[in-house]
Each structure stands twice: as C-alpha cells, then as structure tokens.
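Assembly of the complex is requested from the two constituent chains, each provided in isolation within its own frame, with the hints serving as guidance.
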Amino acid sequence: MQGEILHNIIAIVTTNPKSVGGGGAPIFYAANEAEREKIALYLSRILNAMVHDLENGTYFLTHH
Amino acid sequence: MRDGKGPLMLENIGAVILGLALGFLYRLYLLRIDYRQYPSYPHGYIAHLSLGFIAALLGAVALPALLAKEYAAVTFLSLAAQQFREIRNMERKTLEQLDMSELVPRGPDYIEGIARVFEGRNYLVMLVALATSSLATFIPLGWSAVGGIIVAVVLSRLKKGKTLGDIAIVRLGRVHFRGALLFVDDILIMNVGLKDAKKMITELGIGVVIEPKTDDARATLANMGQRQAINHEVATLLGARKDFAEPEFTPLCRLNTETGRAALFILPVEPDPELAVLAVRKVPVLESAIRRPLDTIIGRKASD
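First to last, the protein sequences are chains F and G.
FYI, numbering that gives the first Met the number 0 numbers position 20 of the first sequence as 19, with every residue one higher than the one before it.
FYI, numbering that gives the first Met the number 0 numbers position 256 of the second sequence as 255, with every residue one higher than the one before it.
Extracted from the complex, chain G is given alone in its bound form (with noise of 0.2 Å):
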C-alpha cells in the first residue's frame, strides 16, 4: 500500500498470480519425476517446495513491476540469484554428509551433478513464472496459461539429460574367475581371494557390459565419477548384497582400457540380469562426465 498510488501494481494482479501458480505447479511437477530417490521425505519436499514458491513469486513479478516502475523490485530479482546459488551449496553439503553412510556411495561428481540440478531448478520455475506473467499482461489470462505450459513443456524437454542407453550398447556379461581374478568377458574387475567369496560371487553375481558407441561416449564411461554413478544407481534400483566389512561384495565398474568397454559387476539383492540391464541403461549420463573429443579436429583425427 502506498500513499496515492493504492494497492501496488492492482491493475496486473491478475497475471502476478497466475505466473506463482503455473510456477508453483512446475516445481511440482518437477519434484514429482524425480528418478534420483532424492529429496525422499517430507521436510526435504518442504523445503523445495517454499523456495519453489518463492523463486515463481519473483519470476512472476518482474514483469509487471517493471510496467509499474517498480524498478526497485526488479533488482531483487539479481538478489535472488545469489539465493539460489546457495541452494546449491546447501544441497551439495547434505549429500555428502549422506553419502559418508552410504554402502555404495553416489560419488562426488554425481553429487555435484544433483546439487546443480537443484539449483537450476529454480530457474526454471523463475522462467516459466516470468513468461506466464509477461504474457498475461498483454493476452487474456486463459491464453497466457496455455502459453506458460507450453514453455514448460518446452523448457523440461531441454533440460533432459541423456542415459546411457543412449550413447552405449548394454548387454549381458559372463561372470567367471581366472585364478583369482574376477572377469566381465574381458574385462578384469579385481582379484577375490576368499573362495567363499569367490562361490557366491560365481553363483549370484552379474555382470553387465557397457560398450561405448562413439569415442565421446568412450571418454565418458572412462570418467569414473560416471562409472560410481553406475554403481550406486544400479544397487539403489537393485538392491546390493553387502553389508559394512564386505568390501568382496560391493559393486564396481571397470574400463578395459583397450577396447573402450566398461563392465559392471554387481552382487543384486534382485537377481534378474535383464533388469540390471535396464537399470544400468537408465543412468544418467553427468553432465560433469560429458566430454565431446569429437568435436575438435585433433580429437576427430586420433578417432581414425
């Protein structure tokens, strides 16, 4: 309220509270699809879910302050960004602490990768508030909803990462023992001494083969923030036999150094090997391991 102005910005209240809801919803929405079994518990949704409101809050007024000359209310906006930043850092520093109790721990670059997605989040709520909002100044408020989801749409189709599935063949390996040494096909995990070990792991373990399909995607399964990725994904989908002191039983992924492959060798509480198939195809490929050799002349030229 304001001495001769009245209620501020009356005239676009309309498009302010529509570009919080569509935003809102988004964050909703966003929390809802999440394959990462993270944030799991309610004070977790909480906390996303009132800085989800407040981030489409400031994406919804901007606009219409700015039409207000409500210049001031526009910087809050960079005031914000600072605020957002520190999601990252807040959500970075939880699942390290977890990750400390975690059998097959997720792995610093996957944290990274999550703590990121987080933040970005926001923006996209900010985004989608803001265009909802702008358009609701201008078009009637039912348009301007259809608009707003459309840029939703278009937005969550973006930021979709890529699986492995995408950028590798994943198949079935055989499991067996040289001596002591564990094989996947050809590739060598490690050396298993006790032979109780060696009788469960011949007996319930499987080993999944991830052969890359360009020289990209080989310098992406070599990243081994990726490979612990794909350890703790497939034994959160899985399950992994293992218990604190059984280091012979924890999953690991390793690289065949000549050929490119990378094989995972797991001891599943579940153990189908079609669905550790599936599970390892569905990992997400981290942004942090993305590296594209092939898109400069020297990485093309070392490819032939």
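Bound conformation, chain F alone (with noise of 0.2 Å):
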C-alpha cells in the first residue's frame, strides 16, 4: 500500500445524519441499520478498508 495516504476516513456510513457533516470523505446516508450493515461492508471489501462504529448511528471506514 505504499503512496496511499493512510489514516484517513475514506467513506462515512450513516443513519444519523445529524452526526457527520462537512469534510473531504463521501457520506452515504442509509435508511435503516440493516442497509447501513450492507453498503459498510461492500465498500470496505471493495476498498480493502476497516469499518468502525462510533456508536451514534454513525461507521466509517479507514485504512489501516
């Protein structure tokens, strides 16, 4: 993974848009829990990137 830049929230996942806001990483707003489980996980396959829970409703993804 050299050159990647690392540490960065690549993607954000969420039900509660009041939680996130502003910032360079994709928001993807998910109606319910279950859809949130579904895009979290195609797009942390896809990016080869961990999912994290804030626990407000809110994941997101990053390389590590």
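To be clear, the hints were calculated from the coordinates, so they are not data collected in a lab.
Among the hints, erroneous ones may be present.
[What the hints assert, rightly or not] The calculated lysine-lysine pairs, modelled on DSSO-like cross-linking and capped at a C-alpha distance of 27 Å, are:
#1 K37(F) to K198(G)
#2 K161(G) to K212(G)
#3 K37(F) to K194(G)
What follows is the structure, encoded as structure tokens:
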C-alpha cells in the first residue's frame, strides 16, 4: 500500500445525518441499520478498508 | 600445482577434506531445523548449501594454508567475509519482496533478524570447518572429527535464542466486545463496526494474553516488530481465517501500557485455543527487540 494516504477517513456511512457533516469523505446515508451494514460491508470489501463504529449511528471506513 | 612444490599442501589434504565435510554437514543440519518455514523451496536450499560449501572450504583451508606459508590464501578469508555480508542483503531483499503479498506480514524487524541469521550461519560453518581442520593438522582424523562435532554442538547451544515462553507467562484470554470495542481480557484490541464480523469474532476468535515476567521482557513486548512477529508466527502455524480486503480478521497484538501485558487476537483456521497458546510460546524473541533496562542503574531504580 505504498504511496497511499493512510489513516484518512475514506467514507462515512450513517443512519444519523445529524452526527456528521462537511469534510473530505463521501457520506452515504442509509435508511436503516440493515442498509448501513450492507453499504459498509460492500465499501469495506471493495476498498480493503476497515469499518469502525462510532456508536452514534455512524460508521466510517479507513485503511490500516 | 606448482613448480617444485607438487600439489598444494598435500600433507594436509585429509584435514582440509574433513573440515570441509563437517562444515558442510553442519550447514545441512542448520537448514533442517529451520522453524521459520524459510527457505521452503529447492532452489533456496541449493543457494544456501552452495554458499555453505564455500564457507566450509574457506574455513577448512585457513590453517593448513597458513602452515604451508600460503599467506595469499589466508587473505581470501577476509574477502569471503565480504561476500557473506551480501547474503544478508540478498535475504533481506527477497523477504521484503515476499512480505508485500503476505496477508500477515513478517514485518521489517523479523526480516532483519532472519537475514542476520542466514549471514551468521555461514560464519558458524566457517568456524566449525576451521576448528576441525586445525585439530586434524595436529591430532588423528578420527579424534578431530569428534572435536569438530563438539564445537558444532557448543555453537548450536550458544546461538539458540530465547522464545516468548521463556520471558513471559502465556495464557488464554477471554475475547469479548464492549459496544464496538473488541477486548481480550482487559486489553483493547480494536474497534469493529460490522455486525457480521463481530459475530464471527465472538464465535471463532481466540485471545492469548502474554504477561511479561520482568521489566526487560516488558520492554521487549512493547516492541512493535516483536508483536508483528507474534502475529506472523501464529498465523503461519494455525492459519488465519482472512482474505485480502477483510481487515477485521487480521491478527493483532496490542499492549496494555498500564500493566505491560500484551494480548494477541486471532481468528485461526484451526480453532484450538491450546495450540494457539503453544504457538505463542514458541515465537522467537527477536534480537532487535531485546531490551535490558534492568542492566542499568536507572532502569533498576525505575523498576521498583
């Protein structure tokens, strides 16, 4: 993974739009928890990124 | 062949051959007991055996050459040392390249340690050959063979490094979640988001707690390279249930800085907790991770 910018938030998936805003990462709004899980899983597998849970309805993805 | 002298050092040819043979056999033996699973292919063996042969020859020739007043031959020894340093570079480069496609990489510290071992082995071989041929110059061949074997055994003892089981108490830990945070006992491993991943981790994950016995061991465990080596070794021995783009299932070794305890989390292919504990105990302590704060006055004062 040389040359890649590490430890940036590369995507945000949330069911709670109030908890996030601005920033450089795309935000994916999910209608419910099941959809949030699905979007996060897809993004994780495609981007080889780890999904973290902020426990306020928001997941974010980053490289490690 | 030289004018007037006949074949070079004919009177000592037995000593040279014996030294060469023992040195080469020692290299073969060192290749056999490799726990690093490397080199694991025939060409890797051939490369190391042929270099081992050269090392053995150089060691075996040294004293007979000196006695025959062949000083030019002796200077070749120093040239050889230069060559063997290249082995370290060669091994390092190969392993670094291979590491890029490892799911659980060895890490630079471990690679450096392996490269150093491969360089060192040639010097060991040279020493054994030198000792044997020197003995054979003065005492009968049979006895010098015994002497050479004793030297080889002593050297093997000396070069044997410690394993984690020697410096730490290794036991099973409880894998559990507090919210999104994964813990092994009281040691935080990581934050996991996906519910499916959490379920799999609680079902199949194994946690191993590594408790340092001394402050020296604590410093060693704090070394990132050492912990990466633990990940790699255990993943190699038990298998890691992980593919590319599944970062949640990467084995991780994290530290509790308050107690100095480290914990390994792994999702093994072979879900046998006892084997995981055994595997961690067998992990070598990296030379580059050895710290001895207790050998200094300040370190000793800080520890009480």
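Consistency of the hints with the structure:
1. With a C-alpha separation of about 15 Å, the suggested pairing of K37(F) with K198(G) holds against the 27 Å cut-off.
2. Pair hint K161(G) plus K212(G) holds up; C-alpha atoms about 13 Å apart against a cutoff of 27 Å.
3. A distance of roughly 10 Å separates the Cα atoms of K37(F) and K194(G); the hinted pair therefore holds under the 27 Å criterion.
Going through the hint list in order, the structure satisfies each hint without exception.
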